[in-house]
Amino acid sequence: MTSVELDPHPSLPNIAMPTLKPTEVTSVYDGSLHRTRSMRLTGTRDAFFEDFAEGLVIETLRRTITEPDLVGFVQIAGLFEEIWLDAGKSARIGLGGRAVPGGLTFAISEGLLVLTGSMGNAVGMLGIDNLRWSHPVCVGDTVHGRSKVTEARRSSSKPDRGVVTIAHQLLNQDNEVVLSYSSTRLIAARGTEKCA
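Here this note's numbering is used: the first residue of the sequence shown is 6, the next is one more, and so on.
Simulated from the structure, these hints should not be mistaken for lab results. Any given hint could turn out to be false.
[Claimed, not checked] Label-pair restraints from in silico Cβ distances:
1. ILE88 with ASN180: 37 to 45 Å
2. GLU72 with ASP134: 26 to 34 Å
3. GLY107 with GLN178: 13 to 21 Å
4. GLY129 with GLU59: 19 to 27 Å
5. SER160 with GLN80: 32 to 40 Å
6. GLY196 with CYS143: 39 to 47 Å
7. VAL76 with SER161: 28 to 36 Å
8. GLU156 with ASN180: 19 to 27 Å
This structure is a prediction, so every number in the text was calculated from the model and none was measured. By construction, the Cβ of each residue, glycine as well, lies at the ideal position given by its N, Cα and C atoms.
Could you build all of it, start to finish, from the sequences and the hints given here?
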């Protein structure tokens, strides 16, 4: 396994992260046992539109949701509701821990995707569709993401980029899908210095 140095950022330390090449894995999206391409681009920033073939699977790292995650998100978003503020409320409604807002699970899902490096050449987000929360998430849950490219085409109006549609799932430590959605993004094409 090789390591790459991330670009220095004034407020973040420069850390080395492993780079893994695309591998073949079993698809988890349609229940079949067909094989599909997969990538984990942890720590890289070199995925271009041409790397997003239909059927490509992107797997993220795992992340445990903490109490400070919940409190910080609730304060920033202004979600001052009893279910997020009162630890006893989650217990009274039968949850296994303090409930986490759906907006936070979505933000974590997107953040985990960014950490793979696959969005390093993303130019913009065109939309989110079919956003569904299918299982409660609580503080202490450990989540990870699996995303599958469902469509990739060159932009007809801006040939220096492509339009990529991705189906996303966020799963908990028991591999239960807690969040699913589809995103459509603009990704810069290889050889593009800057997209205008």
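* Asked: Is 19 to 27 Å right for how far apart the beta carbons of GLY129 and GLU59 are?
  -> Roughly 21 Å apart at Cβ, these two residues keep to the hinted range, so it holds.
* To do: Could you check the hint for me, namely that ILE88 and ASN180 are 37 to 45 Å apart, CB to CB?
  => Violated, at about 25 Å.
* Check the following: the C-beta atoms of SER160 and GLN80 are separated by a distance inside 32 to 40 Å. => 39 Å, holds
* Asked: Between GLY107 and GLN178, does the C-beta distance stay in 13 to 21 Å?
  -> 18 Å, holds
* Given the range 39 to 47 Å, decide if the beta-carbon distance of GLY196 to CYS143 lies inside it. => Taking Cβ atoms as reference, GLY196 and CYS143 lie about 46 Å apart, which means the hint holds.
* To do: Just tell me: holds or violated, for the beta carbon distance of GLU72 and ASP134 against 26 to 34 Å?
  => 32 Å, holds
* Asked: Is 19 to 27 Å a correct range for the gap between the Cβ atoms of GLU156 and ASN180?
  -> Between GLU156 and ASN180, where Cβ atoms are some 26 Å apart, the hint holds.
* **VAL76 versus SER161 beta-carbon gap, inside 28 to 36 Å or not** => 45 Å, violated
In summary, the numbered hints that this structure violates are 1 and 7.
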